[in-house]
Amino acid sequence: MTTRRLSPLLAHLRCQQRSQFSYTSPSTLHARRLVSTGAANISETRSYPKSRPLTEKEREFLQNAIRVNQAGELGANLIYEGQYAIFKRDPRLKSLIRHMWDQEVHHLETFNKLVAKHRIRPTALRPLWNVAGYALGVGTALLGEKAAMACTEAVETEIGGHYNDQLRTLLDMLKDDKDLLQHGELKELIDTIREFRDDELEHLDTAVEHDSKGAEGYDVLFNVIRGGCKAAIWLSQRV
Amino acid sequence: MNNTIRTNFSSPSIGRILSKPITSSSSSSSCCSSLTTPRIKFRRRYHSYQHPAPGSPFTKAESAILSASLLHVPSHGFSNAALSFGARDANYLDISVNMLPRGVFDLVHYHLATERLRLGDKIDFRKPENELPEGLRNLSIPAKIRVLCMERLRANAPIIHRWQEAFAVMSLAGNISASMSELAKLSDEIWFLAGDESHDTTWYTRRATLSAVYATTELFMTQDNSKDFEATWAFLDRRLHDVKTIGSSVSNVTSYLDFTVHAFANVLRSKNVPFF
Ligand SMILES: [Fe+2]
Ligand SMILES: [Fe+2]
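Sequences listed follow chains A and B, in order.
According to numbering that gives the first Met the number 0, the residues represented by the first sequence are 0 to 238, in order.
According to numbering that gives the first Met the number 0, the residues represented by the second sequence are 0 to 275, in order.
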């Protein structure tokens, strides 16, 4: 039995995960993944019974949510890519980061498909995220393993919390439409976000296990990066 | 062109005239016209396959008047005369035309929006190949874009001799942003119907390039006297070819814009619209 040092926020997220959402066991993860990837296929013509029209506000929320998620996953990919570039000679870190990066690749591909499928304007700041994400990954990796893990912890805390906020809004949006929670486009989106949220929390765990909190200047690093993520989310929702 | 800017009356009595066809009008003043309420700006947001899309940006009364008016455009142009005839055909009083917030521009806008939405009913390359018409199967993406552009441009054919008037109305200061937004939506629609799945910066360059190609071709078409618009299709092919060979260089895009601005300025001068 290992005792992990969990940040209060992590405990908060975990608590939500148990109470509000079903726990994803690794065995069902793969099956779910196939489902959610299929759901994002633009050429797929699966038809659901016509449901109520979405309000202008709901459509705006969905558009912004999918755009910001795509931008976030793009950033995450570049951070891991940057870290990988530095740590690829360390066999232990190499496979660890490769594993998380692979999951981010899947996240990004899924949201890329959703952007095209639902005709959402992609973020206009892509060139900025390209540079910023990669620089953050390389930069923190150069500070050492613990700093890189602190970066991962900060980013995944922000993204995990962000996904939880979206889930809350989506569930609230559908609280009077029980059938929409059972099957359909929005249910698939909820499942996708839930699955990715769990992945992000796993990354968060991994970072904490690798002593992210032991990084030199942890508090500053953690808060600066979280602030940066918040700003990025704010921007991507708009531009 | 002097009557495109109108005041939006908010008097319920005038509103009532428009809200109901005169044939069935009653004198009760139960409610005001939906036209007097601010219109929801039609913005394409999350596109759903399960939830019905929001309806037309035009109210029922507006659609009735505007669609009837379009039939008078070939003979009366994009003008208030066409609107009045249209209102009468749709059983509204002539005065109800005053309720259209932007007058003649609403007529132009109605044509643009309905033809854009109609395009997908005519050709939709997202369908399985075997459901497409014989000649439209297994096309490359550029070929699909070409077919869709041609189809949309053909919808201008009945009013092409009047389309320069529409250009003049669209270029009035208050109408430019709505016109540009309509062009952007058409460009997006064409890429969507061609099955484009871009999700990165090419999303922007593709739409910008096609907007420029489409706008210049549409302008060219107003001056085309060839049989069945052969010259226009040749012009379109050259523009699409240019885009393909030169690539997405900035100079390419700017030269299109330059061409558009000059051709546009000439049209406007010929229509006595103050320009520069
Ligand atoms: Fe992710
Ligand atoms: Fe992650």
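Bear in mind the hints are in silico, worked out from the structure with no lab data behind them.
Careful, some of the hints might be misleading.
Result set (DSSO-like, lysine-lysine): computed pairs, CA atoms no more than 27 Å apart in a straight line [unchecked claim]: (1) B:K226 <-> A:K49; (2) A:K56 <-> A:K177; (3) A:K49 <-> B:K243; (4) A:K49 <-> B:K59.
In this text, all values refer to a predicted model and were calculated from it rather than measured experimentally.
Each hint, compared with the structure:
no.	hint	in the structure
1	B:K226 <-> A:K49	violated (45 Å)
2	A:K56 <-> A:K177	holds (20 Å)
3	A:K49 <-> B:K243	violated (40 Å)
4	A:K49 <-> B:K59	holds (23 Å)
The structure does not agree with the numbered hints 1 and 3 stated previously, though it agrees with the rest.
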